[in-house]
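> Listed below, chain by chain, are the residues.
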Amino acid sequence: MIRVEDLAYSYSKGPSLRFPDFSVQGDEACLVLGQSGVGKTTLLHLLGGLMPPSRGKVIIGDTDISSLSGNSLDKFRGRNVGIIFQKNHFVKALNVMENLLLTQKLSGVKQDADYAKYILSQLNIDQYISKSTNDLSEGEKQRVSIARSLVNKPKLILADEPTSALDDGNCQDVYNLLKAQAKEIDAALVIVTHDGRLKDLVEKKVILNESEVNV
Amino acid sequence: MFKVAWKNIMHRPLTLILNILLLGLGVGLISFLFILNDQLKEKFDNNLADIDLVIGAKGSPLQMILCNMYHIDNPTGNISIAEAKPYLKPNPAIFKRVVPLSLGDSHEGYRIVGTDHSFLELYNGEIAAGKLFSKTLEVTLGHTVANEGGIKIGDKFKSSHGFTDDEDAIHDHGEMTVVGILKPSSSVMDQLILTATATVWAAHDHVEETPTESLDEHEEHDQEGHDHGDHDHGDHDHAHHDHEHHDHEHHVHEHHVHDLSREDLMSHEDKEITAMLVQYQSKTNRYALGLPRTINNNTDMMAASPPFEINRLYSMMGAGTKAIQVLGFLIALVSAISIFISLLNSLKEREYELSLLRVSGAGPSQLFSLVIFEGLILALIGSVIGLILGRVAMFFMADKLDVSYGYDFGVGMFGIKDLYILAAALGLGILASLIPAIRAYGLDIHKVLSGK
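If you read the protein sequences in the order shown, they are chains R and L.
Under the numbering used here, the first residue of the first sequence carries the number 1, and numbering increases by one thereafter.
Under the numbering used here, the first residue of the second sequence carries the number 1, and numbering increases by one thereafter.
The set of hints was computed from the structure by calculation and includes no laboratory data.
Mixed in with the good hints there might be a few duds.
Selected chain R positions facing chain L (Cβ under 8 angstroms, derived; list incomplete) [to be verified]:
1. L31
2. L33
3. G37
4. T41
5. M51
6. R55
7. G78
8. I83
9. H89
10. V91
11. L102
12. G108
Pairwise CB distance ranges, derived in the manner of DEER restraints [unchecked claim]:
13. N176(R) x L333(L): 38 to 48 angstroms
14. Q325(L) x M51(R): 49 to 59 angstroms
15. P20(R) x L344(L): 35 to 45 angstroms
16. N71(R) x K41(L): 46 to 56 angstroms
17. L344(L) x S36(R): 29 to 39 angstroms
18. E349(L) x N71(R): 18 to 28 angstroms
19. L344(L) x S72(R): 58 to 68 angstroms
Just so you know, even glycine gets a beta-carbon here, dropped at the ideal spot from N, CA and C.
The task is simple: from the sequences and hints, build the whole structure.
As structure tokens, this is what we get:
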């Protein structure tokens, strides 16, 4: 589970952002909604520990990640947070399976090829197991991204606009997939989006709005 | 991390090829020069044979040394026995050994050296088959001559003038007989055909005598089975004819029966030899120290010290090899810059990729080592290819050198110098990847991932 308390971030040359407190339990899903520029991606990066907050706490499980730094933060993130970015990038020199195994390796968990294969089959992309990531379509790439975020069985899954490029049918599919997989490993799922179609699917919502900016 | 670095490099084959070609060329050039230098030095040093002085006709001292010790140049001229006599005379107080040499002829590219048995002592020559030459027109072959020239004991041949194997230059007189083959000595002796001084005279003086029996009592070790009446070879009739001819028309000493003794050599004051190789009893003897000067000032002969001349040669070669070496270093440096640029470029392309590695749990130091690994792998492949390239170049050069120097050049073993080259190249690789690695270390993943 994840809990956010009194979180704020100030860009050195730019706006200061303040975020509302919220918490998401394991197997629960939460939507972070808001217009462009209200700090959705910034919040996601703060939740994932990609940068330290100016103030406040991000607690994942029992750990306040704002108290971690350096290698221990990287290792904690690798082990406990799976992130699906807006753009689907991979280590180009490696194939699909190797990318997943590398993700396991880097986080320091034991490499488990069987689990990686299982995830791929759950996402219906096990036929691409030894394909170069360059040769995949965008939709397939996104599924590999999702697989990568799941492969370490994290406590928290963060997704940045995972559905913005998809049609209605696929949008629902991807959400259901994420939801099901998160539930299976008892992970909290946080989706950052401005995609209105997801509003009806997810009960819990955190709305970022202008009033929170420039505090 | 190493595996990822490897895959990353293999993912960009063109960059890989450019980088390793450049580095390979630089390293290859440098290592080739090292091998060549080593081998030349080895050949020259092996053949120094503790010779303190070479005495020959006036001319270029270096040429005299190259000719008489290394057998890769033509003689500076000849010296008369009359002049050489004071030094040919045994003088154990001063000289340990004075070896007379008569050059000028060759057979199938191998030089014929007219000398006596003291020559073999210089190079620790030992007989492998047959026996040592014991009379005029008998020859004993160096190991390589017998091996590669395909000449056997009992073979007869006529020498040709000079060093080339030219049909027109073949002497139509003085057929020589192979009586023995030497063991390999890993010195220049392996490339020589040894015979008595008188054989060279016989080949050049058209009226010279044909084989006569050996009277040598001093140095002849190997007389078993030696038949004194050995008159059944092909030139018997001719020889006999000559003999009669001389009986009537030539004065006494041309009928002289040559043997291998010093007395015999010194008695032919009107004859010539090419040079003398001198070993002192003691290098610091006053007489020995003053000898070169005495000879150069007071006689028509020239004396030169082999180590001195060879060092002069090294320093002359040094300038040329230095220039090529600088070129090698420059190419290696350019390759380092090329590795640097390609790593930096690929870093820009891969910022997102590297950020993802961080997201997956890689620390900044792991990204640092990833980039260093990539530089190291490039440097390693490049320098290994370079070392192999140097060998290949040496392999092809060896043939040419064999022909022009008359020596056997090998490809050379991998040694400590290769390790130095490898270490230097790897150092270069690290240096080239250092700045890109520091950049990877300090990557701002938030900035990259949010696309700002």
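> All the hints need checking, so say for each whether the structure fits it.
Status of the hints after comparison with the structure:
1. L31: Where the cut-off is 8 angstroms and the nearest Cβ of chain L is about 19 angstroms from L31(R), the hint is violated.
2. L33: violated, 18 angstroms
3. G37: Hint violated; G37(R) Cβ to chain L Cβ min 12 angstroms, cut 8 angstroms.
4. T41: Holds - the Cβ of T41(R) comes within 8 angstroms of chain L, reaching about 5 angstroms at its closest.
5. M51: holds, 4 angstroms
6. R55: violated, 17 angstroms
7. G78: holds, 2 angstroms
8. I83: With Cβ-Cβ at 6 angstroms, under 8 angstroms, it holds.
9. H89: This hint holds: H89(R) lies near chain L, its Cβ roughly 5 angstroms from the closest one there, short of 8 angstroms.
10. V91: With a closest approach of 5 angstroms, the V91(R) hint holds.
11. L102: Since the shortest Cβ distance to chain L is 6 angstroms, the answer is holds.
12. G108: holds, 6 angstroms
13. N176(R) x L333(L): 38 to 48 angstroms: About 59 angstroms separates the Cβ atoms of N176(R) and L333(L), which means 38 to 48 angstroms is violated.
14. Q325(L) x M51(R): 49 to 59 angstroms: Hint holds: Cβ distance 51 angstroms, inside 49 to 59 angstroms.
15. P20(R) x L344(L): 35 to 45 angstroms: Holds: the Cβ-Cβ distance is about 42 angstroms, inside 35 to 45 angstroms.
16. N71(R) x K41(L): 46 to 56 angstroms: holds, 53 angstroms
17. L344(L) x S36(R): 29 to 39 angstroms: Holds - the Cβ-Cβ distance for L344(L) and S36(R), about 33 angstroms, lies within 29 to 39 angstroms.
18. E349(L) x N71(R): 18 to 28 angstroms: holds, 25 angstroms
19. L344(L) x S72(R): 58 to 68 angstroms: violated, 29 angstroms
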